[in-house]
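Guided by the hints, dock chain S onto chain H, whose structure is given.
Listed here are the chains, written in short residue letters.
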Amino acid sequence: MSTALLDVRNLVKEYPGTTAVAGVSFSVPPGICFGLLGPNGAGKTTTIEIMEGILPPTSGEVRYRDAPLGQRFHEEAGILFQKTALQDFLTVRQCIALFRGLYAHGLDVETVMRMCALEKLASRDARKLSGGQQQRLLLAIALVNDPTVLFLDEPTTGLDPQARRNFWELVQSIKAQRKTIILTTHYMEEAELLCDDIVIMDRGRIVAQGPPRRLLHEHFADVLLELPRQDFPPQARALPLHILEANDRIEITTDDLEGTLRTLLAAQVPLANLRIRPANLEDLFLELTGTELRP
Amino acid sequence: MMRRLLSVLHARNLEFVRDRSTLIFTLLLPVALVIGMSFVFGGPERPLFKVGVLSASINRQAAPFLRERYVEFLAVPERDAALRKLTHQQIDLLVELGPPQRYWVNTDSPKGYIVERLLLAADPTAQRQPVSGAALRYVDWLFPGILGMNMMFSCLFGVGYVVLRYRKSGFLKRLHATPLTAFEFLGAQVLSRLLLILIVTAILYAGIGAVIGFHTVGSVPLLVLLAVLGALSMIALGLTIAARFSSEELVGGLLNVLTWPMMLLSGIWFSLEGSPRWVQWVAHVFPLTHVLDAGRAVMLDGAGLTQIAPHLLFLAVTALAFLAFGAWSFRWRIE
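Chains as they are written, first to last, in this note's numbering: chain H, 1 to 295; chain S, 1 to 335.
It is worth saying that the hints were derived from the structure and are not from the lab. Virtual Cβ for every residue (Gly too), placed ideally from N, Cα, C. Watch out, some of these pointers could steer you wrong.
[Said to hold, decoys possible] Straight-line C-alpha distance at most 27 Å; calculated DSSO-like pairs for lysine-lysine:
hint, chain 1, residue 1, chain 2, residue 2
1, H, Lys83, H, Lys179
2, H, Lys83, H, Lys128
3, H, Lys83, H, Lys175
4, H, Lys128, H, Lys179
5, H, Lys128, S, Lys168
6, H, Lys83, S, Lys168
[What the hints assert, rightly or not] From chain S, some residues computed to sit far from chain H (all C-beta separations above 10 Å):
hint, residue
7, Glu96
8, Leu175
9, Glu248
[As the list claims (entries may be wrong)] Okay, the calculated beta carbon distance ranges per label pair:
hint, chain 1, residue 1, chain 2, residue 2, range
10, H, Glu14, S, Glu184, 30 to 40 Å
11, H, Gly17, S, Val17, 21 to 31 Å
12, H, Ala104, S, Ala316, 46 to 56 Å
13, H, Glu61, S, Arg331, 15 to 25 Å
14, H, Asp88, S, Leu320, 28 to 38 Å
15, S, Ala321, H, Glu169, 46 to 56 Å
16, S, Gly158, H, Gly17, 37 to 47 Å
17, H, Pro234, S, Arg165, 17 to 27 Å
18, H, Asp88, S, His10, 48 to 58 Å
19, S, Val317, H, Ala104, 31 to 41 Å
20, H, Asp88, S, Val17, 25 to 35 Å
Chain H extracted, bound-state conformation (with noise of 0.2 Å):
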């Protein structure tokens, strides 16, 4: 018997003429934040929204608590789309009032609106919310029936760096009650930031799987030195260094500091505006899924 409360077993999502996802395997035990990062394409909203028991698979499957996805995973799962549209003409409290008739047990909608900070938002339209109040209203749905599974999907695409932060904060205060939440996002930082388990997603297909720093461990054991781009002369490009070009930079990952250096300087590269830090996740996300831009 699984102890993870979600299992991902060999899951394939074909359409015609493309493989969305190829064979993808992980479980998600209780109690964590689950991130899914890759580039767009990657196939990670077709993974969670299988896993949501939206979209069916076109073979393997998924299950939830040892079972196939069934009418309890509905009852205990919540889920925030990356884009959602609610109904029309009805306020904050209503859209919340409206899902909540939807499932058997669940916070009642004070609860939720005061956790999600939409008191003084209740009577609004929800129309007329701005794009961090109208994820908070997402959020406050996804909620609603006390979730044991919290899905998120690029839940803070779009939004300000205000809002943003707020809405980290409540997804920690969400997380120090110990529910479960996957969550995919473009943002490294995000993830590093909220996620306890990471599996990072390319071309439909599993490149990384585990903790944000043990993957940053095994892959860059090294530390990471960052030159502006107009810095590094094109002759140094054919250099025996492992050289990784980003847009407005050029990344070395190296475990002898000082060799480097000297190989660097020997090429009369310029070391005025050098930068040495140790690597992140967004580091290791370019490493395994490349810097070319995805049609």
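Okay, now just chain S, sitting in the frame of chain H:
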């Protein structure tokens, strides 16, 4: 300015042409309308008089009178129903072939007076049975049709477009992530629209009825039952269209494909009596035909539950069948 206008025009045309299903329906609808109108309004000129003949079918050789020109002879199997039509001057004479040949004439009807002369010229021995009754005003006959037409549009378009909008906006997808089932969602839509339609129809019934001085002969609670079942059947029919499609133009086209034949064939504006049998058979496929036939029977002739039971049964069965089909074919999201 012209360049910008042409750019938008070109893009819109591409969108329209590439939406194949919508394109096909847009092209097919006018063709279907032309064919339908030609069947309903085409053919030879209408005769001057309508005579009911108490028999299952008309044999023109059975009596000299049946060979008269400019008279339409309608086979009427039930005497009571035929006499009600004669009383309302919906037919000008009722004949029972002999021997001896008998006929019923409405003594208040001018057309009945003339067609009686024709009958007696052909068979002077025919036995006369007089009845009387004022002609049914066209507005009285039309009134149930207007109520039914309003009900039909509200049922089909009101629900169809709402579900489509929910699907396109992603609201349905969000509902799908809850324990809500398709049957529950559709049931709620049906009940919401049903309530609205009953209120609107009651207002129209009372308002127009007061203005034109209309009084229902039969039972009003029976009319309410008929309105409930009729509305349920037509709302559920609208849901079968809206159950899975995502294009406004396609859904609009399909709803038009449903509403136009009902507008022409269900008897809103004119009776289909005397039209080819197959046209009448097709007309009885539509729920609106049953609503109007039963509605007129109750409102104008005072028919009771037993007389309109077949219509009520048809509406109840189709409501359940359409709702079951709608729930089966329902799609929460754009595919």
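(request) Starting from the range 28 to 38 Å, see whether the pair aspartate 88 of chain H and leucine 320 of chain S falls in it by beta-carbon distance. (result) Taking Cβ atoms as reference, aspartate 88 of chain H and leucine 320 of chain S lie about 30 Å apart, which means the hint holds.
(request) Could you see if the CB distance from aspartate 88 of chain H to valine 17 of chain S stays within 25 to 35 Å? (result) Roughly 31 Å apart at Cβ, these two residues keep to the hinted range, so it holds.
(message) Using Cβ atoms and 10 Å as the threshold, tell me whether glutamate 96 of chain S really stays out of contact range of chain H.
(response) At about 63 Å from chain H, glutamate 96 of chain S clears the 10 Å cut-off, so the statement holds.
(request) For glutamate 14 of chain H and glutamate 184 of chain S, compare the CB-CB distance with the range 30 to 40 Å and indicate the outcome. (result) Roughly 31 Å apart at Cβ, these two residues keep to the hinted range, so it holds.
(message) Does the beta carbon distance between alanine 321 of chain S and glutamate 169 of chain H stay inside 46 to 56 Å, or does it fall outside?
(response) holds (53 Å)
(request) Quickly compare the C-alpha distance for lysine 83 of chain H and lysine 168 of chain S to 27 Å and report which way the hint goes. (result) Holds - the C-alpha atoms of lysine 168 of chain S and lysine 83 of chain H are around 12 Å apart, at most 27 Å.
(message) lysine 83 of chain H and lysine 175 of chain H were given as a pair; does the straight-line alpha-carbon distance stay at or below 27 Å?
(response) holds (23 Å)
(request) Starting from the hint 37 to 47 Å, judge whether the C-beta atoms of glycine 158 of chain S and glycine 17 of chain H obey it. (result) holds (39 Å)
(message) Range first: 21 to 31 Å. Now tell me if the beta carbons of glycine 17 of chain H and valine 17 of chain S are that far apart.
(response) holds (22 Å)
(message) For the hint 31 to 41 Å, verify it against the beta carbon of valine 317 of chain S and that of alanine 104 of chain H.
(response) holds (33 Å)
(request) Take the C-alpha atoms of lysine 128 of chain H and lysine 168 of chain S, compute the straight-line distance between them, and say whether it is at most 27 Å. (result) holds (20 Å)
(message) Run the distance test for lysine 83 of chain H versus lysine 128 of chain H: straight-line Cα separation, threshold 27 Å.
(response) Distance of about 16 Å is within 27 Å: holds.
Hints 4, 8, 12, 17, 18 from the earlier list are contradicted by this structure; the remaining hints agree with it.
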